[in-house]
Amino acid sequence: MTAILTADQVGMVFETPGRNSVEAIRDISFELHAGEIIALIGPSGCGKTTLFNIISGLLEPSRGRFTVNGGKNGQSVGYMLQKDLLLPWRSVIDNVVLGLEVRGVDKSASYPIAKRLIEAYGLAGFENAKPETLSGGMRQRVAIMRTLAFDPAVVLLDEPFSALDFQTRTLLQTDVARIIAEKQKSAILITHDIGEALTMADRVLVLSQRPSTVVRELVIDIPRDARDAVALRSDPRFNDMFITIWNDIQSKAAA
Amino acid sequence: MSLTDTTSPPTQREQTASRGQNMTGPKWKDVTPSTLQILTWQIGLLVGLLALWELAVSLGWIEVYIYGRPSGIFTKAVDLIGSGALLRDSALTAFEAVSGFIIGTVTGSVLGLALWLSPMGASVLRPYMIALNGLPKIALAPLVIIWFGIGLGSKIALATLITFIVAMIAAQQGAREVDSDLVKLMRSLGATRFKTWRTVIVPGAMPWIVSAFRLNVGFALIGAVVGEYIASNKGLGYMISYAGTLYDLNSVWLGIAALMVVALLMYAVIDWCEARFKQR
Ligand SMILES: Nc1ncnc2c1ncn2[C@@H]1O[C@H](COP(=O)(O)OP(=O)(O)O)[C@@H](O)[C@H]1O
Ligand SMILES: [Mg+2]
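Quick note, the sequences are listed as chains A and B, same order. In this text, residue positions in the first sequence follow this note's numbering: the first is 1, and each later residue adds one. In this text, residue positions in the second sequence follow this note's numbering: the first is 256, and each later residue adds one.
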């Protein structure tokens, strides 16, 4: 398997003048393979978002480095932030083409790409709707299309479903995992939700409290297309893994 | 059940029986008054006040040379509208205010937005902007009159200066208030600073800029009128201050009413622009 992204002993210390420095990340190394989804689980404030900021090139790590597909950081990374961040004054389609527009792609070329995504992923007919008229789940779909439209090799998802109600969240988890598989993307998913990690990911990395390291790597050996949020609840392997991760997080939280 | 019912104290049973009438539930009806009702009261209030005023003068409760009187204002209005003087003065003051508004608001908004492009420039200018913001801007009037003379130019310059400061501060503030995650998103997409500015900062700051437009209608009129108070021989400000020195209170009131009409017209134009802007 080819590594599409490599984290090599990454560390991050925030130096704020006049204040104590904050060591967010101690030492994190892992490889993301082509077509794989990794879930990152860890206590709040342990540096997960910071890790994404580094991968997407927004921040320089203090130590170590990330390499994306052998190239420069941020070049082929689609970063979906915690909020959907749709531009309210733009229509759905104009939001979806944002990344292409920034890369200088003309509307005549970007609109067909966006149209195909919008139609394939359940928002046909909403091309010209304004975001305020959409439900939370639909807005999140648009944000995902915007992330995929410029065809990044790696997709970073920072707690993408945390603001949605249970039913919408469950539907979107399965949908997004399917979209990522169809588009043959690799992804890293940050989540608080162990069930979500086990539904969507091939591997789970459990992070310690700040300064964070990887305390456990768990391979989920159930094929992704054989999993859905409901079926998993009745699978004993799912239960074992759930408890393992739960205990990790609990003991780290108590420490 | 029946046992508990009969053993419960009578007061409690009464309460249950009369529920909804007085003991529980909302104490007032949440109804919105109809437009017609509101309009009737609004006109009624104006007519009532004017009638009371006229009556008070007629009965000698208040002195006409200190307060004026509605019938006198009306006569004056007929007079000055007939001679074209009122329209001429109103048009002049409106022209000064509108010119100052446009020049000041446009340049101020553009500069305030542009400061986002230069964190260095913004930091350097910061204390000066705070000082200007706190300053009662009308205090600059005498300086502007000295620099630009007693003619039309100084009134426009004063309105421009005040609206410029207000628009610049609002636009800069608006640009700073744009969600920093939107900037993060644009950066992660590989956008240049300028592209980020055009795509998220300028549209995101628009609500602030438009609300500064509203403030600036008032400020532009203040600039024009105070300029005329200080040094002029034309315009509504001159008309009001000149009539004031003569204790011609009816003309003072008429000038004030004309100013209100000018202001309302300017607000109407802004409302219209805003509605069109929102449609896009
Ligand atoms: N720009 C920054 N300057 C200083 N400290 C920061 C900065 N960004 C994040 N931190 C700190 O780093 C830690 C990790 O933050 P974050 O990556 O947002 O955590 P998570 O996403 O895992 O909840 C937190 O303690 C936070 O306060
Ligand atoms: Mg976070």
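A hint or two may mislead.
[Claimed, not checked] Distance condition first, Cα-Cα at most 25 Å in a straight line; then the derived BS3-like pairs of lysine-lysine: (1) B:K489 x B:K392; (2) A:K115 x A:K83; (3) B:K450 x A:K130; (4) A:K107 x B:K533; (5) B:K450 x B:K533; (6) B:K450 x A:K107; (7) A:K83 x A:K183; (8) A:K130 x A:K107; (9) A:K130 x B:K392; (10) A:K130 x B:K439; (11) B:K439 x B:K450; (12) A:K130 x A:K83; (13) A:K107 x B:K392; (14) A:K183 x A:K107; (15) A:K83 x B:K450; (16) B:K489 x A:K115; (17) A:K115 x A:K130; (18) A:K83 x B:K439; (19) A:K115 x A:K183.
Derived by calculation from the structure, the hints in this document are not laboratory data.
The hints, checked one at a time:
1. For the proposed pair K489 (chain B) and K392 (chain B), the alpha carbon gap of about 23 Å is at most 25 Å, so the pair holds.
2. About 23 Å separates the Cα atoms of K115 (chain A) and K83 (chain A), which keeps this hinted pair within 25 Å; it holds.
3. For the proposed pair K450 (chain B) and K130 (chain A), the alpha carbon gap of about 22 Å is at most 25 Å, so the pair holds.
4. For the hint linking K107 (chain A) to K533 (chain B), the alpha-carbon distance of about 23 Å falls within 25 Å, and the restraint holds.
5. In summary, the hint linking K450 (chain B) to K533 (chain B) is supported, as the alpha carbons are separated by about 22 Å, within the 25 Å threshold.
6. Using a Cα cut-off of 25 Å, the hinted pair K450 (chain B) and K107 (chain A) holds, with the two alpha carbons roughly 16 Å apart.
7. Simply put, K83 (chain A) and K183 (chain A) have alpha-carbon atoms about 23 Å apart, close enough for the 25 Å limit, and the pair holds.
8. The suggested pairing of K130 (chain A) with K107 (chain A) holds, with an alpha-carbon distance near 18 Å, which does not exceed 25 Å.
9. For the given pair, K130 (chain A) sits about 41 Å from K392 (chain B) by alpha-carbon distance, which is inconsistent with the 25 Å threshold.
10. The suggested pairing of K130 (chain A) with K439 (chain B) holds, with an alpha-carbon distance near 22 Å, which does not exceed 25 Å.
11. At roughly 13 Å between alpha-carbon atoms, K439 (chain B) and K450 (chain B) fall within 25 Å of each other, so this suggested pair holds.
12. For a cut-off of 25 Å, the pair hint linking K130 (chain A) to K83 (chain A) stands: about 17 Å separates their Cα positions.
13. Between K107 (chain A) and K392 (chain B) the CA atoms are separated by roughly 47 Å; this puts the pair beyond 25 Å, and the hint is violated.
14. Between K183 (chain A) and K107 (chain A) the CA atoms are separated by roughly 22 Å; this keeps the pair inside 25 Å, and the hint holds.
15. At roughly 21 Å between alpha-carbon atoms, K83 (chain A) and K450 (chain B) fall within 25 Å of each other, so this suggested pair holds.
16. Annotation: proposed proximity of K489 (chain B) to K115 (chain A) is violated, straight-line Cα distance about 62 Å (limit 25 Å).
17. Taking the CA atoms of K115 (chain A) and K130 (chain A), the gap is about 15 Å. The hint holds against a cut of 25 Å.
18. A C-alpha spacing of about 11 Å is found between K83 (chain A) and K439 (chain B), which places the hinted pair at or below 25 Å, so the restraint holds.
19. Between K115 (chain A) and K183 (chain A), the direct Cα distance comes to roughly 16 Å. Compliance with the 25 Å bound is thereby established for this hinted pair.
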